[in-house]
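**Q** From first to last, the protein sequence lines stand for chains B and A. My numbering numbers the first residue of the first sequence as 21 and each following residue consecutively. My numbering numbers the first residue of the second sequence as 21 and each following residue consecutively.
Among the hints, erroneous ones may be present.
Same chains, same label: a pair holds when it works inside one copy or across any pair of copies.
Unchecked claim - Straight-line Cα separation of at most 20 Å, EDC-like style, residue types lysine to aspartate or glutamate; simulated pairs:
#1 Lys140 - Asp241
#2 Lys116 - Glu127
#3 Lys116 - Glu133
#4 Lys199 - Glu177
#5 Lys174 - Asp220
#6 Lys67 - Asp317
#7 Lys140 - Glu117
#8 Lys265 - Glu127
#9 Lys161 - Glu127
#10 Lys279 - Glu257
#11 Lys140 - Glu127
#12 Lys74 - Glu108
#13 Lys144 - Glu172
#14 Lys144 - Asp241
For the record, the hints were derived by calculation from the structure and aren't laboratory data.
Number of protein chains: 2
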Amino acid sequence: MQFSVVILGCGSAAPTLGRRPSSQVINIRSHHFLVDCGEGTQIQLRKYKIKFQKINQIFISHLHGDHVFGLIGLLSTYHLLGRTKSLEIFGPLGIKEFITTQLRLSEAYLNYELVFTELKLTEKTLIHENTVVKVYAFPLKHRILCHGFMFEEKPTERRLQMAQLKKHKVSIAYANSIKSGKDVTNEEGQLIKNELLSKDPPPTRSYAYCSDTIYHEPIADYVKNVNLLYHESTFLENLRDRAEKTFHSTALDAAKIAKLSGAGQLLIGHYSARYLNSEPLLNEAKGLFVNTLAAEDGMIVEIQN
Amino acid sequence: MQFSVVILGCGSAAPTLGRRPSSQVINIRSHHFLVDCGEGTQIQLRKYKIKFQKINQIFISHLHGDHVFGLIGLLSTYHLLGRTKSLEIFGPLGIKEFITTQLRLSEAYLNYELVFTELKLTEKTLIHENTVVKVYAFPLKHRILCHGFMFEEKPTERRLQMAQLKKHKVSIAYANSIKSGKDVTNEEGQLIKNELLSKDPPPTRSYAYCSDTIYHEPIADYVKNVNLLYHESTFLENLRDRAEKTFHSTALDAAKIAKLSGAGQLLIGHYSARYLNSEPLLNEAKGLFVNTLAAEDGMIVEIQN
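Here chain B stands alone, though its shape is the one from the complex:
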């Protein structure tokens, strides 16, 4: 079952022809979430053939332009496409005014409801939940109020062992009970333990998005044992001063957080426009944390069970 991250943009600050500003689509078992929405995100959604209407929740890390300037355009396009279903927007305190001011001055009416959840968190907090995933937000450390997001998959049902049902004379009518973990009674009136009839579901998976932030160790706790960690890597270590001054991280910082958190894999991104090629950043991170990937626009990263 799918759990994938589609990189719509992994540049920082000014968009370039090669890399668009931050935006990602997280697809968890056919539930689609948009994370950040830099200018041009709607064009990237079209380019990578992601159906706009599949997205019902948008998560915005902070109000710097390269993470949010594409949101108003996307919301307008939803209206033009005839959306009627409400859309949830999770973002920092201020995001509602940011959007509604533009709508008011444009005299724009939307056919659908916008439901804002404004965040100003000091600890990891559950902000959204559906049948397949729990989404948490947690504070990052940037120049302005900024949150990371963690997507934790919920377990699927237990896997039926058909041969065992037959062996223990259990009717298939109990399938749903068994999949939900219950013990059941067989045709001879005996109680059969669930673990004889089903196997554990595949392990659950998780994804964390950490952009933008300075190196900040509490993040490692928030994303403990995450399967895939996206951590910004705006600079190389030789620009550490610049990273600290602007509250950004180096590729080595990202690797340190990956290591500290026990992440399965690290995905770096949010590169400064000076790095036309991400390889030096990738190599720097790999020096400390081997299982690292460098994001590029259009990349799809699958998270395996």
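Chain B is fixed; fit chain A onto it per the hints.
**A** Then chain A, alone, in the frame of chain B:
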């Protein structure tokens, strides 16, 4: 001497992969003006290799997203590119709040000054002037406050006739006086009429931008005898009801205004996304006004003397 219009985007409403929302660069004898700034305009500027810093005045027709959502991103990028020179923004009443709210909530500081001129016009008004051009704004008729813009080239200097200077024994030291139209005294103390020594400069040229608007005859007066008229053509005549309901024009409407105004050439654009091919719109306009061009992204239209 150059007077050209570069189409950065000529779609309407939702951007598509083929056409971006409204934006144009007007280049008049090396003075560059940006007119409208839909989402992704800064990417289009890069794509068509137009130097950002050459633009010192931006004209926004109205606050519908497809004409303005790219402005905040462009302003942010100017800051990142180290701009220090002030930037003038002319737009409808409300544009200052539209931009400054976003800057405030992003906690964004710009190294350069933004100078807003907010318009709410009922007649054609001179809003900007430099050594080569006068820029006028005038009211269009749309769902919200909306202005068109007219760029009127100023005459260049008179053209010296070197053979005539020699013939009339006039020193070349008088060149600047002659080019500015003055009569001068020759070596024999005679007053020589300017028209004997110089020719008229080439005729001046003009460009008018009319988007978005319903068919509105007063526009023809505002743009009387314009050399090149850009007039929106969102629909074909068979969607006249829709055009009227949304305060847009058909291609035939655009041709009517071109004819009424005595325009030299018509440039249609702002096509509804339903028209993947602009040819039917072009044909409809040409039926009434033969000298019509259909805008496409990346097109450069030169206005000849």
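**Q** With identical chains, the pair Lys144 and Asp241 could be close in the same copy or across copies; at 20 Å between alpha carbons, which is it: within, between, both, or neither?
**A** Cα proximity of Lys144 and Asp241: one copy only (9 Å, versus 63 Å across).
**Q** With identical chains treated as interchangeable, where does the CA-CA distance between Lys279 and Glu257 reach 20 Å or less: within a copy, between copies, both, or neither?
**A** So Lys279 and Glu257 pass the 20 Å test inside one copy only (17 Å; across, 64 Å).
**Q** Is it within a copy, between copies, both, or neither that the alpha carbon of Lys116 lies no farther than 20 Å from that of Glu133?
**A** within (13 Å within a copy, 27 Å between copies)
**Q** As a check of your reading, is Lys67 near Asp317 (CA-CA no more than 20 Å) within one copy, between copies, both or neither?
**A** both (11 Å within a copy, 17 Å between copies)
**Q** Is it within a copy, between copies, both, or neither that the alpha carbon of Lys140 lies no farther than 20 Å from that of Glu117?
**A** within (15 Å within a copy, 25 Å between copies)
**Q** Have a look at Lys265 and Glu127 and pick one of within, between, both or neither, based on CA distance no larger than 20 Å.
**A** between (40 Å within a copy, 16 Å between copies)
**Q** Checking Lys144 and Glu172: alpha-carbon separation at most 20 Å within a copy, between copies, both or neither?
**A** within (13 Å within a copy, 59 Å between copies)
**Q** Reference check for the pair Lys174 and Asp220, CA-CA at most 20 Å: within, between, both, or neither?
**A** This pair counts as within: shortest intra-copy Cα distance 13 Å, inter-copy 80 Å.
**Q** Pop the pair Lys74 and Glu108 into one bin, within, between, both or neither, using alpha-carbon distances up to 20 Å.
**A** The answer is within: 12 Å in one copy meets 20 Å, while 40 Å across copies does not.
**Q** Up to 20 Å between alpha-carbons, please classify Lys140 paired with Asp241: within, between, both or neither.
**A** Intra 19 Å, inter 55 Å, cutoff 20 Å: intra-copy only.
**Q** With 20 Å as the alpha-carbon cut-off, assign the pair Lys140 and Glu127 to within, between, both or neither.
**A** between (29 Å within a copy, 16 Å between copies)
**Q** Are the CA atoms of Lys116 and Glu127 at most 20 Å apart within a copy, between copies, both, or neither?
**A** both (16 Å within a copy, 15 Å between copies)
In terms of the numbered hints stated before, the structure departs from none.
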